[in-house]
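Colleague: All chains should be built: construct the whole structure from the sequences, respecting the hints.
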Amino acid sequence: MPGWFAGWLRRCCTRLREGSGSKRLDDEKILAEAHRDWMAARKFFEFATEPDLVDYAILTLQAAEKRYVYLWKKMRQKG
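Heads up, this note's numbering is the position in the sequence shown plus 559, with the first residue counted as 1.
Hints should not be assumed to be uniformly reliable.
Just the calculated beta-carbon pair ranges, DEER-fashion [unchecked claim]:
(1) E624 to D586: 17 to 25 Å
(2) G566 to V613: 37 to 45 Å
(3) L584 to A622: 19 to 27 Å
No farther apart than 30 Å at their CA atoms in a straight line, the calculated lysine-lysine pairs in the DSS-like style are these [as the list claims (entries may be wrong)]:
(4) K637 to K582
(5) K633 to K582
(6) K588 to K632
(7) K625 to K588
(8) K637 to K625
(9) K582 to K625
(10) K602 to K632
(11) K637 to K588
(12) K602 to K588
(13) K625 to K602
(14) K588 to K633
(15) K632 to K582
(16) K633 to K602
Honestly, the hints are just simulated from the structure, not real lab data.
The beta carbon of each residue, even a glycine, is placed where N, CA and C say it ideally should be.
Modeller: What follows is the structure, given as structure tokens:
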């Protein structure tokens, strides 16, 4: 498991355990983090050379993109 994914998973679990203080700021931080994860997945895809890693990189990139788009739409709906 790549280091960035393990870090992302750890942050998500920590965030679920904590309450939310400033909800709007938290949402913006989560969206920014999702964007960073998406860009990291894109970079990983660009440098993947082995066929198995390319497959993994594609799936990871798609998941990161879908997560970002989902969070972005959710924030837009909140206003």
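Colleague: Hint by hint, note whether the structure agrees.
Modeller: Here's how the hints hold up against the structure:
no. : hint                     : in the structure
1   : E624 to D586: 17 to 25 Å : 18 Å, holds
2   : G566 to V613: 37 to 45 Å : 22 Å, violated
3   : L584 to A622: 19 to 27 Å : 25 Å, holds
4   : K637 to K582             : 11 Å, holds
5   : K633 to K582             : 13 Å, holds
6   : K588 to K632             : 15 Å, holds
7   : K625 to K588             : 17 Å, holds
8   : K637 to K625             : 18 Å, holds
9   : K582 to K625             : 22 Å, holds
10  : K602 to K632             : 24 Å, holds
11  : K637 to K588             : 15 Å, holds
12  : K602 to K588             : 21 Å, holds
13  : K625 to K602             : 16 Å, holds
14  : K588 to K633             : 14 Å, holds
15  : K632 to K582             : 16 Å, holds
16  : K633 to K602             : 26 Å, holds
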